Structures are given as C-alpha cells and as structure tokens.
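Chemist: Here the protein sequences line up with chains C and U, keeping their order. Just so you know, the working numbering puts 403 at position 403 of the first sequence, and the rest follows in order with no gaps. Just so you know, the working numbering puts 309 at position 309 of the second sequence, and the rest follows in order with no gaps.
Think of the hints as simulated: they come from the structure by calculation, not from any bench. Any given hint could be a false lead.
To be verified - Quick look at which bits of chain U chain C covers, simulated, 3 or more residues with Cβ under 8 Å:
(1) 12 to 26
(2) 187 to 196
(3) 277 to 290
(4) 316 to 327
(5) 417 to 425
Values in this document were obtained by computation on a predicted structure and should not be read as measured data. Don't be surprised by glycine CBs; every beta carbon is placed ideally from N, CA and C.
Number of protein chains: 2
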Amino acid sequence: MIRYERWIMPDDVIVAKYRIETCLGIEQVAEAIAGEQSSGTFVRIPGETDELKRRARARVAKIEPLDAADCPALPGGRPPGKSGGPARFQRGEITLEFPFDNVGANLPTLLATVCGNLYELSDHSGCKLLDLELPAAFGEKYPGPQFGIPGTRRLAGVADRPILGTIVKPSVGLSPAQTADLVRTLGAAGIDFIKDDELMANPPHSPLDQRVGAVMRAIQELADQSGKKVMYAVNITDDLEAMLRHHDTVLAAGGTCVMVSLHSVGLPALVELRKRSALPIHGHRNGWGMYTRHPLLGVEYTAWQKLWRLAGADHLHVNGLQNKFWEPDDSVVRSIRACLTPMFRPDDTAMPVVSSGQWGGQAPETYRLTGTTDLMYVAGGGILAHPMGPAAGLRALQQAWEAAVQGIDLHAHAQTHPELRATIARFAKPR
Amino acid sequence: MIRYERWIMPDDVIVAKYRIETCLGIEQVAEAIAGEQSSGTFVRIPGETDELKRRARARVAKIEPLDAADCPALPGGRPPGKSGGPARFQRGEITLEFPFDNVGANLPTLLATVCGNLYELSDHSGCKLLDLELPAAFGEKYPGPQFGIPGTRRLAGVADRPILGTIVKPSVGLSPAQTADLVRTLGAAGIDFIKDDELMANPPHSPLDQRVGAVMRAIQELADQSGKKVMYAVNITDDLEAMLRHHDTVLAAGGTCVMVSLHSVGLPALVELRKRSALPIHGHRNGWGMYTRHPLLGVEYTAWQKLWRLAGADHLHVNGLQNKFWEPDDSVVRSIRACLTPMFRPDDTAMPVVSSGQWGGQAPETYRLTGTTDLMYVAGGGILAHPMGPAAGLRALQQAWEAAVQGIDLHAHAQTHPELRATIARFAKPR
C-alpha cells in the first residue's frame, strides 16, 4: 500500500496556497489578499501601527508564476493603469502565512480567514484556495475521525479489500418497506455497504424513523442467517436537534453508520455530531461542484477535505474515475490521495468513497493510480441495473477488484467470470 | 418607502429557477437536472416505476432561451454528438418544480436538492441557482428573523433613517482595551452601530470574554452620559457550543447584537442560535464571492438570502454601491430589494447591511435605486480615516444621508457642511 505524507509542518502560522489570476502584478495581488484577510482595510487608518502590522499581518511566503491568458477567468477584475497595450492575465500560485494568533484553533474563523472576502477582491480575476497547512493546535482541539478506516473496516467486516457498496435508488420515492425489500435483495447478494441517496433524508413519504426500523429489521434478519451485518449509512441530514435525534434512532436500532450532506449541515454541526456520535460519519459532498468546477474560483479538494476530517468525517466522497460527472480522472486521484494523507496522526485519514457511474470497469485504473484498497467503492445503477440482477452486479464488482489487485487484465478475467463479462457488455463504452 | 413583493406562491412544490449553458439542447439538460435531483440515476433501474416517477420526479415548468456563446463558461461539459460544425453554447433560464413531498420542510435537505450534485453534471457547461420559492410549510417550521427591521431599530434607537455604523479596524490585532478605546471615540461621536470584523472572533490576543467586557463597559458609560446605547455586533462565530456560550456572554454583559459568519457556521447552527438567541443576529456573508462571482456557477443572492432569513438572520450583508470589491451596482441593488421582499409574513424581511468602501458619497444613489432607508450603512475607513477624525467622519455620513433623502445634490449640501466637504475631498474619485 502506498503511504502519503503531508508537505509542511507549520508551528505558529496557518499556511494557505492559492492559484490566482490578475492583470495587475502577482506580487501586488498577493499583498492585497494578505492585507485584506489580516490587518488591512481599504485605506490606512490610525490604529494600524507598524508594530500591529508586524504582529498581525499575513505574510507572502512564496510566489510561483504560471502561464498567462488573453481573457480574464472571472468578471470584475480591475483593469491595469494606463500601461498601454492590451492587458494580459497572469496566473500564479501564491503561498500566504497567517499568524495563528489572528485566528486561534477555530475552524469557523479559519474558514472566514482563508476562504472569506478574498474571492470578491477586484485586484484579481480569479482566486482558488489550493491547500492548507495548520498548526498542531488544530489537531489538539479537533479530534478528527472517530472510526476512520480501521473502525469502518471492523464494523463492516471487510479486512483487506475495498468495501463494496451501493446506493438506494430511485433517489426518492420508495417507501420504507420498498427500501427494506431492496436491502434484503442486496444483502442476500453479499453487499458490504448501502447508503441512502443524499436527496433522501426525512421526507413525508419515507419518515426516517420508519425507514430505519424497516431497514434494520431486514439487516438483522440477514445477519442472523449469514453472520454478516450490512453497514447502512442512514442520511440523517437535518436541523441539528433532529440530526442528533436521528443518530440516536439509528444507534438504538443497531445501525452502524450515519450519513450527512456536509455543505447542508456546516462545520459546527458536524463537530456537534462528532461529539455525540457512536457511529462512523459518512460525509457526502453534494454541492461540491460549485467549489471546484471553475479552475480559478473556489476551493481545491485537498484543502477542503482537511476541514471536514478535522471536524469529524470518517468517510468522504471523492467521485470516481470515468465518472458520470464533469470531473477529470487526475482530480479524482488527487482527492483519494488527499484523504489518505495523515494530518496530525497516522490514523486521522478518512476513507475515500468512490462513486458516480461506477460499475467495476474503473477498478483496475483506480488501483493502478492510487495503490490502495482503502476505499469504499459504491455503484448504484452499476449493481442494480446489471442484466443478471443485483447479486450478479455485486459479484461483477468483486471480480473486477480481484482482477485489479492481482494485476489481471479485466477482459481476460471476464472470460472465466460471466457476471464480469455481462457487466462489461452492459456498461463499458465501445473501445 | 417602496414595498417589494414575492413572485409566486407555490403550494405543494418547491420552485427553483436556474441559468444554464449547454451545447446539447436546453430542454435535454433541464430534464437531466430534474431527473438527477429527484428520482433518477444514470441508468433506468427496476424500482423506478412510472407511478413513482409521476409522483417523485421534478418537473420542468418553463424554459426561456437567452443568448449563445462560442466558448463554454465552465470546463467539463460533454460535447454534442456528431452534429458537424462547431459547437455553440446556448444559455437559458429554466424553472423546475420539485415535489415538496421529496424533501419536506427541511432546509438542509432543500440545499442538497436545489444546490447539490447538479453543478457537477457534464450535460451543461454552466449552472447557477437564481431564485427559489418555497411552500408555506417552510414558513411554518422556520420562524425567520426574530427582531428584523423593527426590532433592530428599537434596540438601536434609530427610527426613520439608516442605522449608521462602522467596523472595528484594523481587522485583527487590537487588544480588548484598544477596541474599547475605539468604541469610546466612536460612541462619543454619536455612532449607532459598531461591528467586529469577520476576521476577529475569539483569538488568543483578544479573547471574546475580555473584549465583550471592555467594550460593554465603554458602551454603558457612553449610555449613562448620552442616553444612547450603541449597538455592537460581537462576532461570536465559533463551534456551536462556544457560539451559544458567547451569545450568553454578550447578553449578560448588556449587549444588543451578535454576529456570525454564515458560511462558517452553516444553516443548522444558525437555526440553533436563533432558538437560543435573545439578540438580533447579524449575518456576515464572507465567502460569498465563491457563490456568485461567476455568472454561470453558484447561487444568486436572491435565492441565497431566503435560506438564511428562514434560518433566523436579522441582518444580511449586501455589499454596497461603488464598493471596493468586484460586484456591479445593479447586483447590490437586487440584493437590497431581495432582503426587503417578504417571504411568508410582512415582517420576515431582513435588514440589508450596506458596507465595503462606503464613505457617504454612495448614499444618494443607494437611496435613488432602492427607495428605502431600512438599511444599516456601515463605513470602516470612511469614518475612521476621515481627515477631521472619526466624529467628523460620522457627521459626514449623516449629512450625506440627509442630502440623499431630501433630494439635495451632494456637492450643494457640502457647501454648508464642512465634514461632508472634507469627506468628498478625501474619498471621492476625480470626476
């Protein structure tokens, strides 16, 4: 297995790296962001003494120019002065150091500092937070994942291969009884993990209490027969009080996982859930496209996942290779590696959840590019719409991962494995 | 005063309007989003019956084509099939109706539904949520602003003009005693409102308890002398437990306002604070640039502010005209109007907080374009860096608003008002 390592260990500063674009000069913009996000305002005012600036002002630690463009990436950038000639939009990476004493070990204020007003500055025409390194005080204050990879493996009963899972589909509309029927089918097929869709929380047509009751009865019956207890991530996303109550409902019913939509609940609510939770927290990243789809706006996954791990997420969605969404494979690979890179302790990694358009065909490339089986590998339609039925869909996934880890060509493996053959025939794009 | 009205009153559906861009056909993309965010998955699966689709699937209610472009706004859009000729990227507005029964009156799951995976679809090369209309059940479950405009006016003692305020600057670095000194100066000048910077919460160099103590002693002394109690918005942004404790600290010290960075705390934590709070909640929008700066990604303010008002924000930042940031004036005007448009009750509006590079010169245009004085008008450097001192800076602001409301030309007014004259000389851009 590959081991990933962090890039820097700051002590009394918060290090933030950005990609920016500007027609004004990268140094000037780096200083503007450093000022705006620490001691500055738009004019120099009486209280901003040199002593205070020395102590409180963020420092530009590094500037690395990249390419330049003819058109601005985002609207609203201030044009250059009367320099003559058409403007060029220079890109670059800048590294800023914020005094830890400005913020303290406080995730919400950290967010306001490294991810706040700076997107609105007219000095630039593009700004994206790429990475963060935090002082040890953050690791001391925030406990990080409670279960992480080993705890999840123990509860799911899967030691040394990806945890294979699926999503209850259709996303919405099934009754609790229909959901439990589907769980029975999938559980009988030998699935490790099932999750609610992020659209399915506690709606009138499938109240969470009833769904948990029906699903957990099915899971307990399956466990009584086979000895294997399926891990079901119940989507407890809700207002905080309800979310904590849902957690207790899942726990009391014998459940082994809860899921939240991270952007819907926010960091402080996740911290509260982490305090209360006796179960692994499955972090869904829906809404993430807004943060990441534009190359010069928002936040890179590498920075983002650190915040949610600190707050307590045990599992984090990373999309998947050759996914149904827009994201290129190299970005997915970086996300998987990020989740597996320790922050403050060897065990504060999160389990990457690979999903979106997965059917097993992506297993060899996923393994080749990340070198790990510390994954949840989640297929929705890839299992449920398998031509030979869900049980065959799951077997095809298992076969694909066997081939991936053993270095066997997928098509060769398919010759002796009919479920894999059928899944390739159904889902592979023509070569 | 102008009264603003809402555009539609849905009953059993959640209405969401988007601006999208695609080279595939707007109808097709509208259906893809409607499917992905309700009953669909990437292949048709056994449980997705016609009956379930009829009941649970989102409906495309309206399509309005806009212009087309030669280049995609965002990367990752799927190219069209073999149509021949170069692709054109058609923009349009689409209106979707999500069955209320899919979601229930649940703000976090609403967010996952209207603001979730849809940004990642490769069917489009741009998607922005423009507006939302919600069934009455949301207004019944979520109480909305507790103080709103009338409650804030009562506590600030300002009846019929904008509440004039400032921000403690430098943003970070001042000690509690230095902050209190500044409050004394500003309070003596007659200021209505002072706020912490969003970067200043509970850091080691200015612990919130000590800052609140020092500041509230200064405010009480001022009140004893003048009878006027300055409203001070203490930035209580923190993990939830600490945030609620900070609220209690402010309340016990006689404070009249708390501030939170909305994106840092999230909707559920704001709902919790609203339940506990005996004070108006000042909602800071830092991080907002990520949601809005790109015309085809993220969320428009009109939609965004509805969520935070429902969750309980009494004041909402809207930027300001001719601001120091990138945002054009028409967008700021739309935001002010949005905050002042009732959702479910006449009094569930939020007080718009106009700030960023304000110095009074923008008052006439702000009043002309919005027709309201139901504003907090917040100037940082515009007051503190006034050449005749902060008291003169505040008087200049008062004079600018007098001129604005009475329809007097600002420069004419300045001839008999030296503070206004000095502020124009200091801050106005050469005409």
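Chemist: Would you say the segment 316 to 327 of chain U counts as covered by chain C, given the rule of at least 3 residues with C-beta under 8 Å?
Modeler: Since three or more residues must qualify, the claim that chain C covers the segment 316 to 327 of chain U holds, with 5 doing so at under 8 Å.
Chemist: Taking beta carbons only, do three or more residues of the segment 12 to 26 of chain U come closer than 8 Å to chain C?
Modeler: Per the Cβ count (0), the hint is violated.
Chemist: Tell me whether the statement that chain C covers the segment 187 to 196 of chain U is true, taking a Cβ distance below 8 Å and needing three residues at minimum.
Modeler: Since three or more residues must qualify, the claim that chain C covers the segment 187 to 196 of chain U is violated, with 0 doing so at under 8 Å.
Chemist: Holds or violated: the segment 277 to 290 of chain U covered by chain C, criterion of 3 or more residues with Cβ-Cβ distance under 8 Å?
Modeler: With 6 residues in contact (Cβ-Cβ under 8 Å with chain C), the coverage given for the segment 277 to 290 of chain U holds.
Chemist: At a Cβ distance under 8 Å, does chain C reach at least three residues of the segment 417 to 425 of chain U?
Modeler: violated (count 0)
When each numbered hint is compared with the structure, violations occur for hints 1, 2, 5.
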